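Engineer: Here is how the chains run, residue by residue.
Protein chains: 2
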Amino acid sequence: MNETIELLLRHRSIRKFTSEPISDEVLRTLVQCGQAAATSSNVQAVTVIHVTDTDKRESLAALAGGQPYVADAGAFVVYCADLRRPKNACESQGGDFSAGMMEHFLIASVDVALAAQNTVVAAESLGMGICYIGGLRNNPADVSALLQLPEQVYPVFGLCLGYPDQDPEVKPRLPVDAVLMKNVYSEAQQRELVAQYDEQVRTYYQTRTGGNKDSSWSEEMRALVGKESRPHMKGFLADQGFATK
Amino acid sequence: MNETIELLLRHRSIRKFTSEPISDEVLRTLVQCGQAAATSSNVQAVTVIHVTDTDKRESLAALAGGQPYVADAGAFVVYCADLRRPKNACESQGGDFSAGMMEHFLIASVDVALAAQNTVVAAESLGMGICYIGGLRNNPADVSALLQLPEQVYPVFGLCLGYPDQDPEVKPRLPVDAVLMKNVYSEAQQRELVAQYDEQVRTYYQTRTGGNKDSSWSEEMRALVGKESRPHMKGFLADQGFATK
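Read top to bottom, the protein sequences are chains A and B.
Position 157 of the first sequence, counting from 1, maps to 157 under our numbering, and the rest follow consecutively.
Start counting at 1 in the second sequence, then tack on 1000, and there's your number in our numbering.
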């Protein structure tokens, strides 16, 4: 164990921030930490839109399903998967961009997540808190219009950054033996561990909500994957030039 | 700046490792650091397969396109996007799993990348080096068969971990102003910065290879996105139950 590992294990999402802003200089350092992450074949398919316009932040908070911290956090940035820049570079060398490849979509989306997570770790090392905003994918076309994203660019998620004005508990995760396997995938080793975790999650919610929330992880998963989720995404991505072949 | 930020900015991929192995105990801690990362709606759609079987590691090194460090590194793990566990949990509560959603594919793939990057940061904080292995997607069906991955699980990438037996330079990244934008996407601000970066990359390769490699970033991008890339991925993912709707 060391300080970095302790920092990683202490992570929890923050949804209430002090009014202290994040300076442009600090934000640049955080983004540079993101750029330092690994990137597939050096494609660097990541663009970060720093949203400073108050009206835009209010609009994004609403588009994300009513998440006020999108407007209130010290800074709000949108992480975009960007194949536009490599496309332009390819064409500047006389190449023809190969549009719509699933593999390129995956590379770009993974690049974004690796970079964002480095930014998160850097921010938390400076005492900030963060919250990822997947809710931008509720209305991805409206978000893209607001940020003037061209084809070959799409918003993967937003990220709130700022100084915490709350101190929530760390949320328990699945037992490590339910997710770490040796040589082959094993469903058998998961069953009992998931059952244990279900009860741990139930206790966590009951404690956190003073008894108002009573749900296991498996019940949460029924709500999450037991119905269609953002069924517009496939069509939206195709419209932006992603993942059609 | 602090130690964590300096660590992040020092990252470079390592492709030559000492023979020192990574103990199971250390690997568990690294995976737990990955679990501590944010996860969409607590889905935790990540399974890590620790490949200890020598024959399997040799096979994977070959399937990845002949990358010997897959067999040689202190440890080799495969990061899998796993909707099987939430599917089973959903069904245990009487739900019907909604198969093939693009949104679920994206959530799971992003979850994997966030977790893996935390593991990488933790490993580097302990003096290890790492290399992501996207090459597993050259032959994803063979990789899946080797690891006995069921439907709703797919290998996103591999990860070599170990103690470095080389000391490569940090690779230069795009200027931060080419990737960090304010309020709207801007192609105009990128052009000159990419041209500058092209020359920086050319110098970097010439220095690193003693003049044998002469390529700009834009030339690399022509080679990368100017042709189809892993065109089997869409069909493979559909076969595994991902991203069909």
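Hints in this document: simulated from the structure, not taken from any laboratory.
Values in this document were obtained by computation on a predicted structure and should not be read as measured data.
Please note that the accuracy of each hint is not assured.
Stated by the list, open to error - Pair ranges (Cβ atoms, derived):
(1) A/23 / B/1199: 47 to 55 Å
(2) A/227 / B/1169: 45 to 53 Å
(3) B/1094 / A/189: 45 to 53 Å
(4) B/1013 / A/16: 45 to 53 Å
(5) A/58 / B/1016: 50 to 58 Å
(6) B/1239 / A/215: 16 to 24 Å
(7) A/192 / B/1148: 47 to 55 Å
(8) B/1172 / A/62: 20 to 28 Å
(9) A/166 / B/1065: 42 to 50 Å
What the hints assert, rightly or not - As a list, the in silico DSSO-like pairs of lysine-lysine whose alpha-carbon atoms are at most 27 Å apart:
(10) B/1171 / B/1227
(11) A/182 / B/1016
(12) A/16 / A/213
(13) A/16 / B/1182
(14) B/1016 / B/1182
(15) A/234 / B/1245
(16) B/1245 / B/1227
(17) A/245 / B/1227
(18) A/245 / B/1213
(19) A/234 / B/1056
(20) B/1056 / A/182
(21) A/56 / A/234
(22) B/1245 / B/1213
(23) A/56 / B/1182
(24) A/16 / A/56
(25) A/227 / B/1056
Unchecked claim - Interface residues of chain A toward chain B, partial, derived using beta-carbon atoms under 10 Å:
(26) 1
(27) 10
(28) 16
(29) 93
(30) 115
(31) 132
(32) 157
(33) 225
Every residue, glycine too, gets a C-beta built ideally from N, C-alpha and C.
Engineer: Each hint needs a verdict: does it hold in this structure or not?
Structural biologist: Going through the hints against the structure:
1. A/23 / B/1199: 47 to 55 Å: violated, 31 Å
2. A/227 / B/1169: 45 to 53 Å: With a Cβ separation near 49 Å, residue 227 of chain A and residue 1169 of chain B satisfy 45 to 53 Å, so the hint holds.
3. B/1094 / A/189: 45 to 53 Å: Cβ of residue 1094 of chain B to Cβ of residue 189 of chain A: about 24 Å, so the range 45 to 53 Å is violated.
4. B/1013 / A/16: 45 to 53 Å: Since residue 1013 of chain B and residue 16 of chain A have Cβ atoms about 38 Å apart, the given range 45 to 53 Å is violated.
5. A/58 / B/1016: 50 to 58 Å: At 52 Å between Cβs, range holds.
6. B/1239 / A/215: 16 to 24 Å: violated, 33 Å
7. A/192 / B/1148: 47 to 55 Å: violated, 20 Å
8. B/1172 / A/62: 20 to 28 Å: violated, 40 Å
9. A/166 / B/1065: 42 to 50 Å: This hint holds: roughly 48 Å between Cβ atoms.
10. B/1171 / B/1227: Judged against 27 Å, a Cα distance of about 24 Å means the pair holds.
11. A/182 / B/1016: Between residue 182 of chain A and residue 1016 of chain B the Cα gap is close to 24 Å, so the pair holds against 27 Å.
12. A/16 / A/213: OK: residue 16 of chain A and residue 213 of chain A at ~20 Å, within 27 Å.
13. A/16 / B/1182: holds, 23 Å
14. B/1016 / B/1182: Violated, at roughly 40 Å.
15. A/234 / B/1245: Given that 27 Å is the threshold and the Cα spacing comes to 6 Å, the pair holds.
16. B/1245 / B/1227: Satisfied, since the Cα-Cα distance of roughly 25 Å is no more than 27 Å.
17. A/245 / B/1227: The given pair, whose Cα atoms are some 13 Å apart, holds under the 27 Å limit.
18. A/245 / B/1213: violated, 32 Å
19. A/234 / B/1056: violated, 35 Å
20. B/1056 / A/182: holds, 11 Å
21. A/56 / A/234: holds, 25 Å
22. B/1245 / B/1213: violated, 43 Å
23. A/56 / B/1182: Given that 27 Å is the threshold and the Cα spacing comes to 11 Å, the pair holds.
24. A/16 / A/56: With Cα atoms ~19 Å apart, residue 16 of chain A and residue 56 of chain A stay inside 27 Å; holds.
25. A/227 / B/1056: This hinted pair is violated, its Cα atoms lying about 37 Å apart.
26. 1: Holds, because the Cβ-Cβ distance from residue 1 of chain A to chain B comes to roughly 7 Å (cut-off 10 Å).
27. 10: holds, 8 Å
28. 16: violated, 16 Å
29. 93: holds, 4 Å
30. 115: Holds, about 8 Å.
31. 132: holds, 5 Å
32. 157: holds, 7 Å
33. 225: Result: holds, 5 Å to nearest chain B Cβ.
Checked against the numbered hints given earlier, this structure breaks hints 1, 3, 4, 6, 7, 8, 14, 18, 19, 22, 25 and 28; the rest are met.
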